[in-house]
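J.: Sequence:
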Amino acid sequence: MNTTNEQTILGLDVGERRIGVAISDASARIAAPLTTIAAHPPERAIAQIARLVAERGVTRVVVGLPLTMRGEHGPQAVVVQRFADALAAALTCSVEMFDERLTSVAAEQMLRNLGLKPAKIKEQIDQVAASIILQDYLDAKAQSEQKRREG
829 MNTTNEQTIL GLDVGERRIG VAISDASARI AAPLTTIAAH PPERAIAQIA
879 RLVAERGVTR VVVGLPLTMR GEHGPQAVVV QRFADALAAA LTCSVEMFDE
929 RLTSVAAEQM LRNLGLKPAK IKEQIDQVAA SIILQDYLDA KAQSEQKRRE
979 G
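The working numbering applies: residue 829 is where the sequence shown begins, and numbers increase by one.
Hint data in this document are derived by calculation from the structure and do not stem from the laboratory.
If you're wondering where the values come from, they're calculated on a predicted model, not measured in any experiment.
Backbone N, C-alpha and C fix where the C-beta goes; we use that ideal spot for every residue, glycine too.
Check each hint, because a few of them may be wrong.
Claimed, not checked - Pairwise CB distance ranges (calculated):
1. Q937 / R898: 32 to 40 Å
2. A875 / S922: 15 to 23 Å
3. R940 / D967: 16 to 24 Å
4. P946 / Q974: 38 to 46 Å
5. I858 / R976: 19 to 27 Å
6. S922 / P946: 31 to 39 Å
7. R910 / T863: 33 to 41 Å
What the hints assert, rightly or not - With a straight-line Cα cutoff of 20 Å, these simulated DMTMM-like cross-link-like pairs (lysine to aspartate or glutamate) come out:
8. K969 / E924
9. K969 / E844
10. K969 / D853
11. K975 / D964
12. K948 / E936
13. K969 / D927
14. K950 / E936
15. K950 / E834
All chains should be modelled from the sequences, with the hints used to inform the complete structure.
T.: Structural data, given as structure tokens:
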């Protein structure tokens with residue numbers, strides 16, 4: 829059983845073809861790429877995510893919400909929200925949405941800077957984008973907690 833200080837969080841970058849998956853450490857401070865799963869059929873993707881949640885003792889799932897640059901819900905955000913709703917119905921832990929604007933761009937740039945070849949970038953970009961989403965989420969939660977303690 830997780831104590832209040834231990835909470836493993838799963839981060840998802842839901843794309844049209846693939847879903848990048850990242851996981852936090854038990855203290856929910858550091859995110860790391862975990863795997864990439866096929867987005868279709870969605871039922872199978874949800875079953876794979878549910879299996880990861882159970883195997884890893886995950887307490888929360890964070891799904892990247894691809895808002896437009898103006899912060900609006902575009903067509904892709906609607907698709908991802910529907911997937912997140914279906915996922916939430918299948919899981920016992922909470923599912924949260926988190927703004928993920930530009931994370932795929934940041935992930936690709938990071939992998940390019942590491943000198944990876946295009947094929948390797950394509951193979952890893954989704955899970956790296958998921959880890960960026962999750963790390964941004966963890967950092968935002970830590971900042972919010974810090975402000976709450978100070979104020």
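J.: Which of the listed hints are broken here?
T.: 1, 7, 9, 15
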